[in-house]
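A.B. asks: Sequence:
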Amino acid sequence: MQALEFANIWYWFILMAVVSYLIGCFNFALLISKIKHKDVRKMGSGNPGTMNMSRQFGLKIGALTLLCDMVKGGLPLLVAHLVFQGYVFAGTDVLVSDLARYVCGVSVIVGHIYPVTMRFKGGKGIASTLGMFAFALCCEYWWMIFVVLGVLVLTLFYIWASEWGSMGSLLGVSLFAVIQGVVFYLRYGGETGSPFVVAIFLLLLLDCFLTWFAHRKNIVALLAGEEHHTSVKKLSHGKKEG
Numbered sequence: 052m053q054a055l056e057f058a059n060i061w062y063w064f065i066l067m068a069v070v071s072y073l074i075g076c077f078n079f080a081l082l083i084s085k086i087k088h089k090d091v092r093k094m095g096s097g098n099p100g101t102m103n104m105s106r107q108f109g110l111k112i113g114a115l116t117l118l119c120d121m122v123k124g125g126l127p128l129l130v131a132h133l134v135f136q137g138y139v140f141a142g143t144d145v146l147v148s149d150l151a152r153y154v155c156g157v158s159v160i161v162g163h164i165y166p167v168t169m170r171f172k173g174g175k176g177i178a179s180t181l182g183m184f185a186f187a188l189c190c191e192y193w194w195m196i197f198v199v200l201g202v203l204v205l206t207l208f209y210i211w212a213s214e215w216g217s218m219g220s221l222l223g224v225s226l227f228a229v230i231q232g233v234v235f236y237l238r239y240g241g242e243t244g245s246p247f248v249v250a251i252f253l254l255l256l257l258d259c260f261l262t263w264f265a266h267r268k269n270i271v272a273l274l275a276g277e278e279h280h281t282s283v284k285k286l287s288h289g290k291k292e293g
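Going by my numbering, the sequence shown opens with residue 52, and the numbers climb by one from there.
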């Protein structure tokens with residue numbers, strides 16, 4: 052491992068954050084709906100994201116939106132990992148790539164939820180966050196793909212069984228965050244006081260906060276028994292929800 056002084060590379064983190072934010076501002080749900088000569092922001096819940104796209108255009112279009120947003124959330128992170136792979140911060144055993152990955156990943160999520168290109172009114176960040184965690188876990192350990200698939204299957208099963216799309220998505224994101232947190236704790240248990248380790252865990256917490264905060268209206272509606280049901284069964288049969 053080669054050591055890098057943060058003082059010599061700090062500007063790279065700012066550059067990565069800005070570029071990742073701008074990438075996050077690109078909204079695939081809006082693009083796809085425009086291709087279909089409609090504006091998803093004026094349909095259903097008005098949210099330009101996977102769930103609303105599935106309800107308005109069907110499960111296939113929703114799946115396409117999900118895939119695109121997951122790649123958007125994970126690709127900048129993967130590039131950062133490859134660039135800084137094999138480096139540690141000087142005086143520590145903390146991998147530069149661990150911090151770089153989540154600087155990029157969380158910046159994409161911020162861009163998706165608060166895009167400057169859409170007057171800071173974007174999607175809710177679930178698909179991009181799922182992609183962020185999926186890429187982050189798999190780019191180091193190839194066998195993590197089975198863990199990722201397991202979490203995604205559990206999330207989809209919960210949504211299918213309960214018809215609570217928002218809650219199922221939030222639980223899936225939170226489970227990913229816990230898994231990544233455990234991996235980092237096992238890796239850096241002896242360096243929890245390092246500012247770099249603290250920054251990594253704060254980024255994980257920030258991402259969870261952002262996605263839960265973006266769903267605050269859904270949570271209130273759920274507690275009041277007024278949350279919109281998402282029937283995967285109906286969507287799979289081509290029945291669009293209003």
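Everything labelled a hint here was simulated from the structure, so no lab data went into it. All C-beta atoms, glycine included, are put in the ideal place defined by N, C-alpha and C. The reader is advised that the hints may include incorrect statements.
[Unchecked claim] Okay, the calculated beta carbon distance ranges per label pair:
1) 196 <-> 260: 47 to 53 Å
2) 93 <-> 240: 47 to 53 Å
3) 142 <-> 275: 48 to 54 Å
[Said to hold, decoys possible] Mimicking DSSO-like on lysine-lysine, the simulated pairs with C-alpha atoms at most 30 Å apart in a straight line are:
4) 93 <-> 172
5) 268 <-> 85
6) 85 <-> 172
7) 268 <-> 172
8) 268 <-> 89
A.B. asks: Quick one: are residue 142 and residue 275 within 48 to 54 Å, going by C-beta?
C.D. replies: With Cβ atoms ~52 Å apart, the hint holds.
A.B. asks: Under the criterion that the straight-line Cα-Cα distance not exceed 30 Å, is the pair residue 268, residue 85 satisfied?
C.D. replies: 26 Å, holds
A.B. asks: Taken at face value, is the distance from the CA of residue 172 to the CA of residue 85 at most 30 Å?
C.D. replies: The given pair, whose Cα atoms are some 17 Å apart, holds under the 30 Å limit.
A.B. asks: Is residue 268 within 30 Å of residue 172, Cα to Cα?
C.D. replies: Status holds; Cα separation ~14 Å.
A.B. asks: Verify the CB-CB distance for residue 93 and residue 240 against the hinted window 47 to 53 Å.
C.D. replies: 50 Å, holds
A.B. asks: Does residue 172 lie within 30 Å of residue 93 when you go C-alpha to C-alpha?
C.D. replies: Judged against 30 Å, a Cα distance of about 13 Å means the pair holds.
A.B. asks: Measure nothing beyond the straight line between the CA atoms of residue 268 and residue 89; if it is 30 Å or shorter, mark the hint as holding.
C.D. replies: Status holds; Cα separation ~25 Å.
A.B. asks: Look at the Cβ atoms of residue 196 and residue 260 and judge whether their distance stays inside 47 to 53 Å.
C.D. replies: 27 Å, violated
Of the numbered hints listed earlier, the single one contradicted by the structure is hint 1.
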